[in-house]
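S.K.: Residues per chain are reported as follows:
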Amino acid sequence: MKGNLAATAFFISLIFINKPAYAVFEIEVDAYGIDFGFMNIGESKEVQEKGVYHNEITCKSDNAKTWHLKIQTIEPLKSGEDYIPDENFKWKVVEVLTGDGVIHNKDSYSAFSDTASLVYTSGPNDSGGSEIKLRFKYSLLIPKNQVAGNYRAVIRYTMTELL
Amino acid sequence: MIRKVSLVVVFFLSFSGVYAAEQRFQDVVASVVIGATFRLSLDKASLDFGVIKPGKWIELYPERHYHQITCISNNKKTWYLKVSVIGDIVGQGGFALPKDSLKWQIFWTNGSGVKREGWEGLQQDKATVIYNSGPLDGQGEEIYIRLRYALDVPGNVPAGNYNGALVYTMTESP
Numbered sequence: 017m018k019g020n021l022a023a024t025a026f027f028i029s030l031i032f033i034n035k036p037a038y039a040v041f042e043i044e045v046d047a048y049g050i051d052f053g054f055m056n057i058g059e060s061k062e063v064q065e066k067g068v069y070h071n072e073i074t075c076k077s078d079n080a081k082t083w084h085l086k087i088q089t090i091e092p093l094k095s096g097e098d099y100i101p102d103e104n105f106k107w108k109v110v111e112v113l114t115g116d117g118v119i120h121n122k123d124s125y126s127a128f129s130d131t132a133s134l135v136y137t138s139g140p141n142d143s144g145g146s147e148i149k150l151r152f153k154y155s156l157l158i159p160k161n162q163v164a165g166n167y168r169a170v171i172r173y174t175m176t177e178l179l
Numbered sequence: 017m018i019r020k021v022s023l024v025v026v027f028f029l030s031f032s033g034v035y036a037a038e039q040r041f042q043d044v045v046a047s048v049v050i051g052a053t054f055r056l057s058l059d060k061a062s063l064d065f066g067v068i069k070p071g072k073w074i075e076l077y078p079e080r081h082y083h084q085i086t087c088i089s090n091n092k093k094t095w096y097l098k099v100s101v102i103g104d105i106v107g108q109g110g111f112a113l114p115k116d117s118l119k120w121q122i123f124w125t126n127g128s129g130v131k132r133e134g135w136e137g138l139q140q141d142k143a144t145v146i147y148n149s150g151p152l153d154g155q156g157e158e159i160y161i162r163l164r165y166a167l168d169v170p171g172n173v174p175a176g177n178y179n180g181a182l183v184y185t186m187t188e189s190p
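Sequence lines, in order, name chains B and G.
Under the numbering used here, the first residue of the first sequence carries the number 17, and numbering increases by one thereafter.
Under the numbering used here, the first residue of the second sequence carries the number 17, and numbering increases by one thereafter.
Source of the hints: derived by calculation from the structure; they are not laboratory data.
On a predicted model such as this, the values are computed, not experimentally measured, just so you know.
There could be a bad hint or two in this list.
Simulated restraints on C-beta separations [unchecked claim]:
(1) B:Y48 with G:T86: 40 to 46 angstroms
(2) B:K66 with G:V130: 36 to 42 angstroms
(3) G:G51 with B:G145: 30 to 36 angstroms
(4) G:N126 with B:E147: 25 to 31 angstroms
(5) B:E59 with G:D141: 37 to 43 angstroms
(6) G:T187 with B:N56: 42 to 48 angstroms
(7) B:L179 with G:N126: 45 to 51 angstroms
(8) B:S129 with G:E158: 43 to 49 angstroms
Glycine included, every Cβ here is placed at the ideal spot set by N, Cα and C.
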């Protein structure tokens with residue numbers, strides 16, 4: 017029994033030792049809200065409060081490994097029991113600063129989904145510790161048969177080494 | 017023996033560079049306020065019965081509806097469609113047709129509400145509820161109500177042109 021515990025502890029400690037203490041793997045968002053304001057049924061709107069984009073996601077890694085940025089809805093736009101179908105709520109990458117990776121579905125809007133969609137795959141120079149900034153804008157179309165109310169969604173941006 | 021195997025496995029995994037892939041996330045809230053819509057529209061703004069002899073009953077488009085009213089509400093509240101006449105249906109010399117000589121009937125609706133069945137005459141002094149919305153009628157869908165009209169002309173009516181104004185009202189008050 018004691019031997020097994022010792023082996024487990026050794027295993028865990030070696031795993032931590034194997035990861036460099038100085039490794040950086042970070043994601044930051046510069047604005048925590050995407051507010052479409054007041055809209056009527058049948059209306060569509062784009063939000064891009066900072067000119068050509070709405071918010072900026074900054075990713076930083078010095079792991080020297082390929083990473084990916086993904087996006088998804090954790091909760092759809094919802095008001096009580098009513099919700100706006102995800103196909104009406106879309107995102108688009110407007111530009112990437114300093115990165116040399118691949119923007120997936122570049123220059124076109126993609127509908128949100130509750131499963132993570134691939135946004136960006138890092139390039140060879142994106143994992144050396146420099147900041148890679150991705151700028152997004154968003155669009156929303158209110159269906160003609162949508163109930164009035166205050167709707168709210170939660171969007172998740174995930175930076176991961178897993179595809 | 018088991019312990020030795022475990023240690024070998026641990027040694028192998030640890031120094032072969034295997035560890036959990038990194039993953040971080042950030043959440044952002046999106047929001048929108050959808051305004052209430054409460055709207056009524058008609059596809060025709062007039063009823064013309066043409067020339068009728070006194071004492072006759074005439075229907076507009078007897079085989080189908082004459083016009084369609086479209087109601088939209090996304091308030092999730094019950095609403096009512098009412099019809100009334102402003103003033104009288106007046107002819108030359110001030111003679112007025114009885115209001116209930118103008119008949120209406122709901123021909124068809126896609127709504128889930130309650131409609132009046134059969135021919136009904138307009139009421140003398142108040143609006144008549146012609147449709148009560150149903151539970152699915154307040155969710156923003158266009159609800160179509162198709163109406164037919166008839167005129168039951170009394171036999172003692174002087175000849176002339178008779179005019180009146182009908183008002184359709186969509187309201188949340190019964």
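S.K.: With reference to the structure, classify each hint as holding or not holding.
M.R.: Against the structure, the hints:
The hinted range of 40 to 46 angstroms is satisfied by Y48 (chain B) and T86 (chain G), whose Cβ atoms lie roughly 41 angstroms apart. A hinted range of 36 to 42 angstroms for the beta carbons of K66 (chain B) and V130 (chain G) is inconsistent with their spacing of about 52 angstroms. About 48 angstroms separates the C-beta atoms of G51 (chain G) and G145 (chain B), a value inconsistent with the hinted range of 30 to 36 angstroms. A C-beta distance of roughly 56 angstroms is found between N126 (chain G) and E147 (chain B), which places it outside the suggested range of 25 to 31 angstroms.
Between E59 (chain B) and D141 (chain G) the C-beta distance comes to about 41 angstroms, which sits within the given range of 37 to 43 angstroms. For T187 (chain G) paired with N56 (chain B), a C-beta distance near 20 angstroms fails the hint of 42 to 48 angstroms. Here the CB-CB span from L179 (chain B) to N126 (chain G) is close to 48 angstroms, well matched to the stated 45 to 51 angstroms. Taking the beta carbon of each, S129 (chain B) and E158 (chain G) are about 29 angstroms apart, not inside 43 to 49 angstroms as hinted.
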